[in-house]
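Undergrad: In order, the protein sequences belong to chains H and G.
Note that the first sequence covers residues 1 to 239 in the numbering used here.
Note that the second sequence covers residues 1 to 111 in the numbering used here.
Think of the hints as simulated: they come from the structure by calculation, not from any bench.
Being a predicted model, the structure only gives us computed values, none of them experimental.
Certain hints may be false.
To be verified - Derived CB-CB ranges, DEER-like:
1. G:60 / H:72: 26 to 36 Å
2. G:50 / H:147: 35 to 45 Å
3. G:111 / H:44: 41 to 51 Å
4. G:24 / H:90: 21 to 31 Å
5. H:110 / G:77: 47 to 57 Å
6. H:111 / G:24: 15 to 25 Å
To be verified - Just so you have them, the derived chain H footprint on chain G, three or more residues with Cβ under 8 Å:
7. 21–34
8. 38–44
Stated by the list, open to error - Residues from chain H shown here face chain G by an in silico Cβ test under 8 Å; the list is partial:
9. 1
10. 6
11. 36
12. 39
The C-beta atom is built at its ideal place from N, Cα and C for all residues, glycine as well.
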Amino acid sequence: MTPEVLAALQAARAAKRPVALLTRLSDGAQRLWPDMDLPGPLAEAARTALRDDAAQNASLEGEAWFVHPHNPPLRLIVVGAVHIAQALVPMAQTVGFAVTVVDPRRAWATADRFPGITLIHEWTDDAMAALAPDSRTAVVTLTHDPKLDDPALDVALKSEAFYVGALGSRRTHAKRLARLTEAGHGEAAMARIHAPVGLNIEAVTAPEIALSILAEVVAARRGAALATRAVPAQAAAAA
Amino acid sequence: MSDAGMSDAEDILATAAGWRAAGETVALATVVETWGSSPRPAGSRLAVSASGKLAGSVSGGCIEGAVADAARQTMQSGTPQLLDFGISDERAWEVGLACGGKLKVFVEKLS
């Protein structure tokens with residue numbers, strides 16, 4: 001890899017811009033896409049690799065090329081700078097997520113409690129609108145306070161976030177669904193909410209709950225059956 | 001196929017670039033194709049420095065030694081290599097690809 005290719009690749013990653021690295025396996029010649037114009041079949045393979053986040057093998061004029069996608073990290077937005085968040089944030093970083101914590105309560109969302117983490121102190125609807133969750137974003141609400149959680153869930157459910165989870169008991173969630181229904185959300189949208197949040201591993205402590213949440217986020221990301229939930233009876237009743 | 005985007009939480013490329021910037025000679029190995037039960041998906045990386053530093057992985061550990069040897073050759077020659085590991089490969093028998101999978105690994109020098 002030449003210093004030029006390495007620098008361009010690093011710059012794209014620093015700017016959180018998707019880029020594919022293409023390598024001709026016979027001699028190691030390399031190209032970057034979309035930075036460089038490429039022959040149709042290679043550009044197509046690069047587009048597919050970035051879209052599916054999966055490496056591709058392509059061939060052009062009898063030569064084998066390896067097409068290596070470099071997408072920006074998945075994002076995790078944590079609403080609520082609570083005790084569970086303090087356990088969840090470093091775990092999620094280890095798994096590879098770029099993490100943002102949203103909480104207008106400045107006493108909770110402090111650099112002391114979340115060293116090195118992007119903290120947003122706006123009201124949760126404004127913060128979520130600015131963060132604009134996309135299909136590579138997971139959203140978890142942990143405040144336990146409808147004034148903070150509901151506006152965040154409202155934005156999350158209108159987005160393509162691949163995971164939306166909300167802390168709270170079944171009873172709390174049934175009331176939440178009633179409020180979200182009033183706010184105009186349909187059954188399909190509300191069925192996207194993973195609540196009570198996390199895989200059922202009988203978690204008790206904050207780190208255990210964080211682990212169950214992160215495991216469910218990964219399951220959703222990977223399409224594992226564990227991430228699929230039946231719509232609870234309460235939800236059906238509330239809807 | 002699994003993606004390497006999320007599984008590689010560690011940024012091996014950044015680590016390798018850091019070594020290079022510090023004046024080390026560095027080679028990068030990348031899984032480019034897998035068949036069967038290979039433990040690491042295409043795109044997985046192992047960085048090797050001339051001083052013996054290792055970061056990342058291209059398998060569950062069974063071929064890392066052979067790949068690191070090839071990386072040292074590539075550091076000296078500057079010529080990339082395409083390594084083929086599988087049960088039909090005699091060298092793979094030697095290094096023991098216990099997982100039973102097959103994979104190809106591309107090795108290049110950071111020039």
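Undergrad: Does each hint hold? Answer for all of them.
TA: A quick look at each hint next to the structure:
1. G:60 / H:72: 26 to 36 Å: 28 Å, holds
2. G:50 / H:147: 35 to 45 Å: Given a distance of about 58 Å, which is not inside 35 to 45 Å, the answer is violated.
3. G:111 / H:44: 41 to 51 Å: Cβ of residue 111 of chain G to Cβ of residue 44 of chain H: about 29 Å, so the range 41 to 51 Å is violated.
4. G:24 / H:90: 21 to 31 Å: With Cβ atoms ~29 Å apart, the hint holds.
5. H:110 / G:77: 47 to 57 Å: Holds, at about 53 Å.
6. H:111 / G:24: 15 to 25 Å: 34 Å, violated
7. 21–34: holds (count 4)
8. 38–44: Answer holds; 3 residues pass the 8 Å Cβ test.
9. 1: 5 Å, holds
10. 6: Interface hint status for residue 6 of chain H: holds (6 Å vs cutoff 8 Å).
11. 36: 18 Å, violated
12. 39: 19 Å, violated
In this structure, the earlier hints numbered 2, 3, 6, 11, 12 are contradicted, and the remaining ones agree with it.
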